[in-house]
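Trainee: Take a look at the letters that make up each chain.
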Amino acid sequence: MIILDGQVITDHWRTVQDDESLPPDGDLLFGYERFVANALFYSQRPGGLGVVLQPEDSLEPILPWLDRLNLISLHFPRVADGRHYSTARLLRTRHGYQGELRATGEVYRDQLDFMRRVGFNAFHLPESEDPQAVLNGVASPRAYPDLQYDLLKTA
Amino acid sequence: MYQQDEWDQALLRERVAEFRDQTRRFLAGQLSEDAYRPLRLMNGLYVQRHAPMLRVAIPYGALSSDQLRGLAHVADHHDRGYGHFTTRQNIQFNWLKLESVPDVLADLAEVGLHAIQTSGNCIRNVTTDPLAGLLPGKVDDPRPWCELIRQWATLNPEFTFLPRKFKIAVSGRSHDRAACRIHDLGLELRQDDQGGPGFRVWVGGGLGRDPHLAQCLREFLPADDLIDYLTAVLRVYNQAGRRDHLYKSRIKILVKSLGIDNFSERVEAAWKTIRETGSIPALAALERIKARFTTPEHDPSLADDQLDPVPTGAFARWLRLNTREHRVSGYRVVFILLKGLERAPGDLTAVEMRVLADLADQHGFGMLQTTHDQNLLLPHIPVRALHEVWQTLDILGLANPGIGTVNDVTACPGLDYCNLANAATLPLAQQIQQRFQDLDYLHDLGEVHLKISGCMNGCAHHHVADIGLLGVEKQGGSWFQLLLGGSAGTESRLGRVLGPALQAEQVPDAIETILAFYAARRLPEEPFAETVQRIGLKTFKETVYEKHDHSRRTSHHGSLAHSAG
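Sequences listed follow chains E and F, in order. Each residue of the first sequence is one higher than the one before, starting from 81 at the first, in this note's numbering. Each residue of the second sequence is one higher than the one before, starting from 177 at the first, in this note's numbering.
No lab work stands behind these hints, which were simulated from the structure alone. Since this is a predicted model, take the numbers as computed values, not measurements. For every residue, glycine included, the Cβ atom is placed at its ideal position computed from N, Cα and C. Any given hint could turn out to be false.
[To be verified] Where chain E lies over chain F, by a calculated footprint (3+ residues, C-beta under 8 Å):
1. 206 to 216
2. 328 to 335
3. 406 to 415
4. 537 to 548
One chain only, chain F, in its complex shape:
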């Protein structure tokens, strides 16, 4: 965990006081709605369907047990007793009162948390691979770089009024779990021929209504130049990005209209200027930052620990699906699935937060991590504590074995909370989970990522899911378009639309058909997206829509489900 600097604490105190004054002026009628909007957005505050929504930043997903208790306090005292983890590793509170938000921010500041730059047209929270530095063979840890970018971006005076929001992801070498190619800017750690550290730079990715995969802006950027180069990219965007149209102002549109070569030339020119007139060397800064990261001291005497007795039943199933091998022997990485029949994806109650914080303190160095799939993980759990951890999670209903399976549904809040949504996502997520209760079947299917967005803004990242569902506007009810074969990893690919939208009630049947077809046609070990790629979208389409037409003609809605077995 990063240990905050003095300036961090001072900055948070000052910003809370500032926002308190701004909110006071707004409530007193001294600030207009228009004038207050950018100020509240800068502090993560949206006005939603029912109440203001506050998005709290969890920098690169790293959360301490004390911070989780701080979030529990906010959930209890200012909200309805729970919070909602997002796909960008943050947490949202949906039921706050506007006038209490300054107090909420003051409470969060006590544990080093804040909502700065979680919304608005600025550089948003930097995200990374939640498994960074945890799995065997994962040598480099992008988190110090994320922290460096956070420090550069926080209240950066030049880049607080950008044409549109700007999202940065950093991934480690070899396997991209940070989804670099769907971000405005993606940084992939790598080395040059001499082993010098640096990045491959991706630019112009993004989902939403005009999905694009990022293009390579620079094959190799020396690490020491990172801050100068980021400044150059942002300066070009700030000056040249469109500001006349909300949907045309992301950097992906600028890159597309200029062409990657022209865009790159502009960046190189801006970079040259910066090097000549105020360069900030990044490697020296990184060393200072690294010195403030505490690393857990794993106990070498646990290295030979084995599970005894050999796990069976529910515990064994949970181990298989919800934990991963740790790079330090004697430890495992434990996922906590925030999904289930009684739970909107990503929701966690204050009581649960406190129990998890205690678990982390007791067994896991007080550390937790949020993921892109709205789950949590306990990064360093000794093998000998696994049974106890599982029991505690099971009591909370947080031990459902299903990480990475169809039941690990990612969903935006949808029509139930959001002003923009076309469709109700949460009931559908529930129906899908209800449908797939056969755990052996789920395990047999393996990793199949399912993501549901309530509108084309695509907060759940449905474009890069194996099975993506997009809520569309149609005749009052909730309808969904199906997309298949997307992926956000190293081999990034956008999912393609399967066919005409289906009514929400038909979707679980269709998914069952798709999965059965996949199970029947895949090669051994072949991931879902590759099967779609190999045998073609069309064959999936025919299967789904033939069955669907047939079931409509015979008015046997259930027939689709049974035929899928």
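Chain E with its partners taken away, still in its complex shape:
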């Protein structure tokens, strides 16, 4: 189940495997290394462009392509691995990334409130999650302390 901007959507992205030949068209989502090695080429083809980052991947090589990227997918190998909360915030603040920012991997409804506040606007959840409960969770305004740089408040 994919949620984008507070709605359940049908995913139009196609994940391109590392050893797969380049599909002729469509919105394509690449792994980090393949994307970095071919960014100039991929950026010139039509269709949506996306990349998946693992927590250890450096942002530097993708920074020149932020305006062209339509989707950055941040993968959470474990719930407890919180590195991508910082990645997301840096992308949205320091680097001004405007496109879709999607959380994938170990993503469950109980993390979404934290995720939306650092700038994620899309979530890939297991089909077992109750869609209505999830949507209520990401739609409702909640109370937070004042002293946090909060993307919900600054938006």
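Chain E is fixed; fit chain F onto it per the hints.
Mentor: Frame of chain E; chain F shown alone:
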């Protein structure tokens, strides 16, 4: 006391509802054990030896009488009638039922208390000097800064899934009673040459299995930059801290592996970015926070009050050991020693909580404070009420004169409650207190801090005690390693291991020997840790182990005790 904002109340209500739903899903089998674990930890809930343990936050140790009554209510209705104060100024309940925890949290929220971020890999409760703003000459009060950090840290979305837990302490100027150098991050209030407010920043301290004293990260941080700078430190840690090994994931390991200079460069770079893209000025925020702190209105007409008649006997002894001079004349600071032969260190019953809450209302502006040594204090007691307060405490068995002495034992719950412990700490604490019943001798010895941890995680902070005891795994029974000469104050020092571990039964004798040796060899007014430093650990070691060997050979266990006199 800080008067909570509207968002505080709303936040607590929402979080209780959220945790109620999470617990319901877990009990219904919709959430796995693995998925539920981080959620319950975020709400202070551990699974312990007998029952779940809930750790309730007492932000920087400040507690109102109503909040103490709220804790009494929880102790009565959901636990076995008592709670346990910890070395980090919090309180734990050890006998709850999992399914009732959401109700407990709802009850706590009624009095503005909660268990958010008291466990798990996040920024924990901020601690400070319990005597902040109370003693003569203590001009600055770190508590508004603690409150500011609390607001920044509470449910901070970027820093809720850190590599490991993160503890911050804030101390006032000149005398560090907040133990800054044993925290992940320590902030020491100070001024620059022009008198501008700021902090000295310490990083990478911590005890546990790999004890380190914090290193200085920045000699002077302008106060206005505090939030941005904290964000920078946490961001570097969140991104670069190790996540592959439980024991290597604290910030002290990152600082050690990068080196303080490299770590500092990374922080400065992250800080620069934050200043450019979303700075939050701290001083303006502090002014808003200060406006929500109520300060007690001391009665100037009490300034000349004297104790009349001149105290004698037990009352005089209690005054001497358990109270301190207040910065406002006509008042004193009153400690409540939560130790004793009938009491595990830090334990307080619901009945006692209610009486103390009434005492605080009647005589002390409804204010109480928890300490790092598992005691409480009544911060503002008029001199004219001292006798009555003492009488009430005495009836409760809470007037044992012994603050700061050997009998003021700090101990973790140990084998009796904790899954991690190697040794039983509570019976030993009791035996030690039993041994030292001569109050004049205790008073003569002065401040000697004794701390007992049941395992190398070191919850009782045995590394920074004058005499630290560490429970070790050995042949079934409870054995303890002795460490001497530690200190967490301005001159922080880690205690050093005296020699091979001793059986629990031998420990009181050994302590008696150590104290007698100290009493014989110290210079006038010389604190314990300095005597150890001056004459050397070795001389203490020889004294203790010679006697111990001798007593074993002659199978006179008691001889050690007598020889110590």
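Trainee: Give a verdict on every hint.
Mentor: Outcome of the hint check:
With a threshold of 8 Å between beta carbons, the proposed coverage of the region 206 to 216 of chain F by chain E holds, since 3 of its residues qualify and at least three are required. A stretch counts as covered by a chain when three or more of its residues have a beta carbon under 8 Å from one of that chain; for the region 328 to 335 of chain F and chain E the count is 7, and the coverage holds. Taking a C-beta to C-beta cut-off of 8 Å, the region 406 to 415 of chain F contributes 4 residues in contact with chain E, enough for the three needed, and the coverage statement holds. Counting residues of the region 537 to 548 of chain F whose beta carbon lies closer than 8 Å to any beta carbon of chain E gives 0, which falls below the threshold of three, so the coverage claim is violated.
Taken one by one, the earlier hints fail for this structure only at number 4.
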